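Protein sequence lines correspond, in order, to chains A and B. Add 6 to the 1-based position in the first sequence for our numbering, that's all there is to it. Add 32 to the 1-based position in the second sequence for our numbering, that's all there is to it.
Worth flagging that the hints you see were computed from the coordinates, not collected in a lab. Fair warning: this is a prediction, and the values are worked out from it, not measured in the lab. Check the hints yourself; a few may be wrong.
Claimed, not checked - Selected chain A positions facing chain B (in silico; Cβ < 10 Å): (1) SER31; (2) SER32; (3) VAL34; (4) GLN40; (5) GLY153; (6) HIS160; (7) ASP164; (8) PRO242; (9) TYR281; (10) TRP289.
Cβ atoms here follow ideal geometry from the backbone N, Cα and C, with glycine treated the same way.
Spelled out, the chains give:
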Amino acid sequence: MHNRNKILMVFAVLAVLLIITPFASSYVILLVTQALVFAILAMSLDILLGFTGLPSLGQAAYLGVGAYLTAILATRYQFGLDWSFWLVVPMGVLIGAATAALFGLFAVRATGVYFLMITLALGMCVWGLAYRWNSLTGGDNGINLPGRPEIGIHLANDTTYFYVVFGFFVASLAALYILVRSPFGRSLVGIRERELRMRILGFNTWLHKYIAFIIAGGFGGLAGVLWAHLSGHVSPQDVILATSVDALLMVVLGGSGTLVGGAIGAGVVVFLRDYLSTVVPWWQYVLGGVYILTILYLPGGLMGIPERVRNRWPRSDGTGEREKLQSVSH
Amino acid sequence: MSSRLRGGFSWIAAAGLVLEIGASPAPGAAAEELRIGFVAPMTGGFAQVGKDMSNGFQLYLDEVGGDFAGAKVKFIVEDEEAKPAVAVRKAEKLILQDKVQMFVGGLLASTGYALAPVSTRLKTVYVASIAAADDLTQRESAKYPYVVRTGWTSSQPSHPFGQWACDQGYKRIVSIAADFAFGYEVVGGFQKAFEDCGGKIIQKIWPALGAKDFGPYIPTIKKDADAIFSVMAGPMSLQFPKQLAAAGIKKPVLGGGTSYDEFVLPSMGDEVIGHVSALQYSAALETPKNQAFVKKYREKYGKVPSYYSESNYTTAQMIHEVMKKTRGKWPGAQRFIELLSSIKIDAARGPVHLDEMRNPVQNIYIKKVEKKKMFGYPNEELWNVVIKTYPNVGQFWKYNKKEFLKQPVYSRDFPPCKYCQ
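Turn these sequences into a full structure, and let the hints guide you.
Given below as structure tokens:
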């Protein structure tokens, strides 16, 4: 498939999402919004995992600092509840990036499973702070936000908030797409494929990885700001290892190294978990089954389906099959 | 619906669901239906507690045939996974999609804090039947006008318990409690009442929530303490008395209510015999009402009811009382809370009514674990035998409400440990 067709398809799916979501039930709107927030987190992780080859188990930390910053500013200083919301967004990005800049000093020198362990440990440090720094974070009880910001448009309305989050999602997708297509993004892929060769070619691979790490942290912080206002409540539960693992699974499920794969993974996980769990009590088996089947049969994630199908049936003729293809490759 | 999902986990399937839901009419336009949402953990480490909670409510519904004074009750249970963020999402689902008139439940204190703002934002009644975080009905109660509590505040049983411990002649007590808000509040209430009466808390130990090995903590317990006060949650409750006994410590052990609740009591060994705890309920309460409740519950679910079950059973009973007053018509959120605040009922746990901050005033029972036969059951079992009753205890105990609310909420550092060396 040509690159232009792919982009057009993403546009088409986004447009469909934008048009039909407001007509869905209020709960589904909330779920789509939640999926978009986690999509930003998953895409930020994909920069590390998919493009640079660094499997991070601490991405929730950046979501955490962004969310706590938003909550603390809002409750202590009533900051970010009006137009200043537009200042909180870059602040959230900056604090995520700054945290990543600090953590990156420890983490980036490691690779493979060591990188996994270090990021896990650093993520748990943020959890520990959130849990124990009672006077600032409210400890286990977390922080309740006073409400969504009033910025001329009525953000308290879930549909309006969906539009805002959708906007941030599209902007993030575009920014990250440009990033991975840039020479910088290409060199990240080079590092993933063979770091030694890149080093011999004269690239400062440490710096490249460090910058990628910081960028991923920044987008994680953005997801945190949006998450805090979506949920209205920030607690150490948002920062726990399970959130990081979720992000990792979303990327793997959707297909790493594809950007949109993370978004698809986020959508599937959020809907299986928060929608299916309201329908049937055995939703966990479905979620577990999907993970196992994906890992066993789709190493490339859901985004790998079109290619596999094309390899098996050189000329696909069933219309049903074609529909399936389109549905997963946005 | 599941077959549709199996067809391909894709946005198309999701969109199909979306459209389907969007097209379906708002459920239950009929006036006689009372829709009650229920959030409790149904999966994960706290699933059994969640089951106890919903079973209690369900038992009452079955007794009255799902009919509250003419209103047909639609009872919708949602899994909150013991995570605040999930609880919020599920409560929103119950309100926005199922159009419930109220939602009940929430296990952990943190979940209670997270659910309260949802009730304010969406103007829907939240009945906190378990979540015991003090401030929901204390310093922050004005923020949450739609929250009403039918359970307890964490420190409520601790105040009379501190007094009781002092009356027994204990002078120096060491506390060992799970390191989270609930632990702080239970210990805080105990410490305040105990020290106001002349006792001294000489050491506070905070093992992490979910700790299984108390090896690092038990040897540090001060040798000159008269007694140990423990607050455990979940599996910790089982481990701590065992390891304490194994370490050969023979000091009297007092505990917060959840340390010895019937939820864990049947799984405990004889080492807990003689341990004393305080709560607003005991399955061993020898009142006809409770005896009938225990028998019915045990027959249906095969186990003795815990306070988690009783609290939700009583919650259902209280909602029923309100509906009797309105003859089965939903009175609106505000009026419902007024009515609920005004009723007095005779529950399995004893007489219950709400104070002006919408928290129950109820008996607090000091209970001692004993092995005996009760209620005609054939085997000797562990029971929380009531040894003293403090009638009609409110959340402020004997303290002046205004002054009480001026002090900060009980925490790791409050009240300060004046006698710790």
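How the hints compare with the structure:
no.	hint	verdict
1	SER31	4 Å, holds
2	SER32	4 Å, holds
3	VAL34	5 Å, holds
4	GLN40	7 Å, holds
5	GLY153	7 Å, holds
6	HIS160	13 Å, violated
7	ASP164	8 Å, holds
8	PRO242	8 Å, holds
9	TYR281	7 Å, holds
10	TRP289	8 Å, holds
In this structure, only the earlier hint numbered 6 is contradicted, and the remaining ones agree with it.
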